[in-house]
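Model the full structure from these sequences, guided by the hints.
Protein chains in written order, with this note's numbering: chain D, 1 to 263; chain H, 1001 to 1267.
What the hints contain is simulated information worked out from the structure, not anything from laboratory work.
Please note that a few of the clues may not be correct.
Computed list of chain D residues with no C-beta within reach of chain H, every gap over 12 Å [to be verified]:
(1) N48
(2) C60
(3) A169
(4) P181
If you only want the chain H side, here are some residues facing chain D, beta carbon under 10 Å, derived [stated by the list, open to error]:
(5) F1017
(6) I1102
(7) I1184
Don't be surprised by glycine CBs; every beta carbon is placed ideally from N, CA and C.
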Amino acid sequence: MKLRFSRKQLGIPYAVFLVCFVAAPLLVVLYYAFTNGEGRFTVQNFANFFTSPNTIGTLCYSLAVAVAATFCCVVIAYPTAYILARSNLRRKTVLLVLFIAPMWINFTLRVAALKEVLTVLEGNLAYHPFLNTVLGMTYDFLPFMILPLYTTLEKLDDSYLEAAADLGADGVVTFLKVTLPLSMPGLISGVTMVFLPSMTNYVILDMLYNSTYIMGSLIGSYFNAYDWHSGSMISIVLLAIIFVITWATNGFGEEETSRGAIL
Amino acid sequence: MIKKTIRFSWLALVLLFMYVPVLTLMVYSFTDTSVIGTSGNFSLKNYVTLFTTEELSEMIRGTFVLAVGSAAIAAVLGTVGAIGAFYSRSAGRRALNFLNQIPVVNAEVVTGFSLCVLLIVVFGRSKETFFPLVAGHVVLEAPFVYLSVLPRLKQMDNSIYEAARDLGAGAASALFRVVLPQLIPGIVSGFMLAVTLSLDDYFITTYTKPATFDTISTYVVNATRGSHTEIKTALWALSSVIFVLILAVVLAGNFVTGKRMEGENDR
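Structural data, given as structure tokens:
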């Protein structure tokens, strides 16, 4: 018994670290979100958020951007992952590496490159803000969608597909009833890895055409204005969205994440 | 045959989308023009600027020192935490898993902002001490080390540890000489992941960094806002160098593991 006890104690430093630097900051943000400058309880911050057309508009716009970017990523990544995982290509892993490698290159450098190229094609990027935002997000997050999809599709057992064919299913039915349901875990983890960053990564827009019309940038602007209370309120709204998505996809229950499987 | 062609063209199109911007910059990094789409003469001036400008080399060095340093701290914390969690009773383990998962799913903006509010606004810690910056990066990285070490612990044969204890090893020495060596692959991949997370981070860095310190991310964002073309084109050279390095490392790593797998299949 004594032996178990001593190893268990090794968890304490990490637990203390997580409480101090993960839990405590969030509790402080929660406190700030519900207080005003004098430290008194208030829901005014939230009332302001949900009544101001600017902030509520930003929320809706961010959701639209995130949905569109996630959709584009799925549409591009699914066939790509499928082809990579299911066909007998020679040098398959080398090809896969080519599709995944961009995620190791600093994203600001890649977005800067995208900006240069888009400027040549379009001229002023601010003329098509929504298109360019979605394009930028898709470009940046695509590898994060391809990898989890590839991992699940690769593990897919061929005998299921053969069984479906034996039972008379054609290609489309097999895909819809067998392949797609079995690849759901990969799809879900890909979606969470694209959707959330799309709502919060305001640097991509900022770099592309100096826009700040997305949820994350509200935090940035309140931060620059030293308005901790409103910034905290936005953080809480984002946390709530993140919590709902994570809970819905059971991200708290799983110990392994697809991001952890990158290497 | 047609199917094969369609598959190939699809893959080629996606690769084009992913690589054209970076490759374009790479071509233009060898010219003296500062506007993409115009023609220029061959020149290495961007590379000269990149390697001789004090400001740039200091920024690059700072980025890597921060990444490796914070990743080392995260590797120690995450590994020790994972070992502790693995041997804890289920309530403790579940609590630790839950806390560990928060930074993983949380938006980096929120992580950075909340840390900044706690350390700087509430406790009045100065950003100039680098403490908030390093703490922020460790918060970002340690959970991933934890997540990559934990599966290794589960795979481990516990009887080896028991055998070491039976043969007279103390708890500490059994841990260091029996358990830890088996975890090394997990720790290494966690460490590598931590380094890349730190290198890629923008949000936590902006909220916690000292005013005069820049990482590649924050520097690039400022540079694209500015009109300093000499710096801008030098960053093209930086992109190209990083791109080639990453591709070389990743392909080499792939080659090595591929060889190893072949060797295992032969046996």
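Cross-check of the supplied hints:
Separation of N48 (chain D) from chain H is adequate, the least Cβ-Cβ distance of about 18 Å exceeding the 12 Å criterion. A cut-off of 12 Å between C-beta atoms confirms that C60 (chain D) is not in contact with chain H; the least separation is 18 Å. Against chain H, the non-interface label of A169 (chain D) holds: every CB pair exceeds 12 Å, the least being about 18 Å. For P181 (chain D), the requirement that its beta carbon stay farther than 12 Å from each beta carbon of chain H is met, with the minimum near 23 Å.
Interface hint at F1017 (chain H): satisfied, since its Cβ lies 7 Å from the closest Cβ of chain D, which is below the 10 Å cut-off. The closest approach between the C-beta of I1102 (chain H) and any C-beta of chain D is roughly 5 Å, which is under the 10 Å cut-off, so the hint is satisfied. A distance limit of 10 Å between C-beta atoms decides the matter here; for I1184 (chain H) the minimum to chain D is near 14 Å, and the interface restraint is violated.
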